[in-house]
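The chain contents come next:
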Amino acid sequence: MNLLFFYAAMGVYAVSAAGYVTYFVKPERKRVADIALWTTFLAFLCHFIYFILRWTEGGRIPVTNFFEAINALGMGIILVFLVMELRYRIPALGTFMLPLVLVLMAPAAILSGRLEGLNPILKSAWLGIHTSLAVLGDAAFAFSFIVSVMYLIQERQLKHKHLGAIFHRLPSLDVMDTIGYRALSIGWPLFTLGMVTGSIWAETAWGTYWSWDPKETWSLIVWAIYLILLHLRTIGWRGRKMAWMSIVGFSFVLLSFYVVSRTAVGKHSF
Amino acid sequence: MSIVVVGLNHKTAPVEVREKLSFPEATVPQALKKLMSYGGVKESIILSTCNRVEIYAVVEESAKGVEQIKRFISEYHGLSPEILEKSLYVRPDAEGARHAFRVASSLDSLVVGEPQILGQLKDAFDIALKTKTTSTVMNKLLKKAISVAKRVRTETRLAEGAVNISFAAVELARKIFNSLEEKSVMLLGAGEMAELAARHLLNNGVQTIMVANRTFERAVELANEFRGSAVRFEDFPAEMVMADILICSTGAPNYVVRQEMVSKVMKERRHKPIFMIDISVPRNIDPACDRIDNVYLYNVDDLQGVVNTNVQGRQQEAEKAEEIVRQEVETYLQWERSLDAVPTIVDLREKIEELRRKELDKTLGQLDGVSDDHRRALDLMSQAIVNKILHAPLVVLKQAAANPEGGDVISIARKIFNLDKELKKPAHIHARSLGETSNKSE
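Chains as they are written, first to last, in the working numbering: chain E, 1 to 270; chain H, 271 to 712.
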């Protein structure tokens, strides 16, 4: 019954993605983009209901295994997208964002949504705080990644003076550079707080703040990449170089999420 | 005597070739005089803009004239004829007239319908008039071209939908900066196109404008007009740090904005993007600047790529305009034919002879028992009358043929004697005959 909401959410996300892609191909159909925004809301609502149902069923916030983690990541990305879309009204974002979410969540659709038991020492309020901060940070990084890809496409068109149809669909370089940076300047502090709360939680659970578990090490690398990026920004790096760094940063996030958590043995392995 | 057009434009030659063949305005009179010294060239005009370099000439004989003009171009610019052969086109006779009308009406422009070309053509005509390298045929052709352009402008919506270079510049700026408010523009040099582009940017929200020009007074004048600030030419590299958009058209023969200059500026402006528009031919901004991050350099050719909106509607308008050009070429050719006195004399003789014959036959047919002698006498008498009447007009026509201003006389003669087409019936006769038919049908 609960899973029904999950599959409903996935299905409606796919509809939204199709809507946004249609809009991108035929931008005169402005209504398609409006409808896609509404269906994204609807899908997010289903997704959220599923999340709550699972929470009540399991008696803890559902972020403790791989299925639940990517489920939460997808929800986080959509949340960031909806906030940004309402604020800036750039439907082209959806054209790139929705397919990304579908791809990222695809493993969840084929994994079993079976509830697993949790080590009782981990049952604490810190679980929710640590994970939701980290997921929101990652979602902001994903947003910045998408905007960076769009930036690079647009920049390439402007540099090569080959202004195809995409040129007119994509927003201006200035807008993409700005919102990509804005997402990072919100995402990085959230990610930092996620790491801090995680280490406080580790201290209460195991008595040590930091134990060089593989996931912790990767997260530190991710954290450092974005720190360097934000620093370089303040000394005048922007545009193409920033976009590439953001893409590199997010590929480390993906590695950490999809490879390190799955393969390495440690406290974060699921 | 015939018209030829020899030239190249944005379709046949890239900007690198066009800039090699361009004639800066100040050198045009000299070039015209030199061209006239080539045998067989009787009249000439040089049109040199960013998008085209064309020589309009009246020559004694097309093929030979074309050779001479090509020789002039290659010798004047010191280029081998082989290079020219690839990019030059030749439009002889009727094609030449058609080409002139299409250029004037902006049908041949990079941005079809853009209004600047007519002004440029008028300027080129003015220079040739002052240098006295035009006469009857060129004067007629150019005046006609200007009136065709005006007809196209009033009778079609070609110019209305025209998205010219300035619009393209605004569209690009929007894709780089999003909002143009709080952005500054720097005008480097004060060409007409640059001014126009600056005006469009101002209309689209740009608030600050800086003008740098070699003659500082001109910079001050323009800056006042735009409520901007004037910059001394030697100071422009320092002031460029403040500019988000740079429009360059100095008319200098070499690069004014160089790569190392821009690199330094970019560092100082902390790599904030800069949009550079080079409307000058030859180019004034080193193309290598485009390789620098966050620099977007567009020259006139590049701007073409941006202009592709509303193509279909304009296609229809362009067809209407082509039709106008077709009609006008016809009337022009009629005039040109009239220039030649000999066919007019022949036409006139034939026409009058035909009238004489008809009337003579009619009269003889009505008379009974006319002897051959009488017949001959009447024939001779009518011939004598015709010859006496035609004597003066034929003398005038022959004189006119030798006179460069004679074209008007010949065309008047053709009109008076109705040599070109059936005369229309005067309006009142037409109306009456219509009335009669409608009465009958009742």
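It should be emphasised that the hints constitute simulated quantities derived from the structure, not laboratory data.
Just so it is clear, the structure is predicted and the values come from calculations on it, not from any experiment.
Don't be surprised by glycine CBs; every beta carbon is placed ideally from N, CA and C.
Some clues are possibly wrong.
Claimed, not checked - Calculated lysine-lysine pairs in the BS3-like style (CA-CA distance at most 30 Å, straight line):
#  : chain 1 : residue 1 : chain 2 : residue 2
1  : H       : K402      : H       : K334
2  : E       : K159      : H       : K340
3  : H       : K281      : E       : K159
4  : H       : K685      : E       : K161
5  : H       : K290      : E       : K161
6  : E       : K161      : H       : K304
7  : H       : K534      : E       : K241
8  : H       : K312      : H       : K392
9  : E       : K159      : H       : K356
10 : E       : K159      : H       : K534
11 : E       : K241      : H       : K537
12 : E       : K241      : H       : K685
13 : H       : K392      : H       : K413
14 : H       : K334      : H       : K414
15 : E       : K159      : H       : K542
16 : H       : K312      : E       : K161
17 : E       : K159      : H       : K537
18 : H       : K632      : H       : K590
19 : H       : K413      : H       : K400
20 : H       : K534      : H       : K420
21 : H       : K668      : H       : K590
22 : E       : K161      : H       : K340
23 : H       : K410      : H       : K542
24 : H       : K537      : E       : K161
As the list claims (entries may be wrong) - DEER-style ranges, computed between Cβ atoms:
#  : chain 1 : residue 1 : chain 2 : residue 2 : range
25 : E       : V248      : H       : R561      : 51 to 57 Å
26 : E       : V25       : H       : G475      : 26 to 32 Å
27 : H       : E589      : E       : L86       : 42 to 48 Å
28 : E       : T22       : H       : S449      : 41 to 47 Å
29 : E       : L86       : H       : K534      : 28 to 34 Å
30 : E       : G236      : H       : A508      : 14 to 20 Å
31 : E       : V259      : H       : D563      : 31 to 37 Å
32 : E       : H160      : H       : E495      : 32 to 38 Å
33 : H       : A364      : E       : K159      : 21 to 27 Å
34 : H       : E600      : E       : V25       : 17 to 23 Å
Indices of hints not satisfied (ascending): Of the numbered hints given earlier, those the structure breaks are 2, 4, 6, 12, 16, 18, 20, 21, 22, 23, 25, 28, 29, 33 and 34, listed in rising order.
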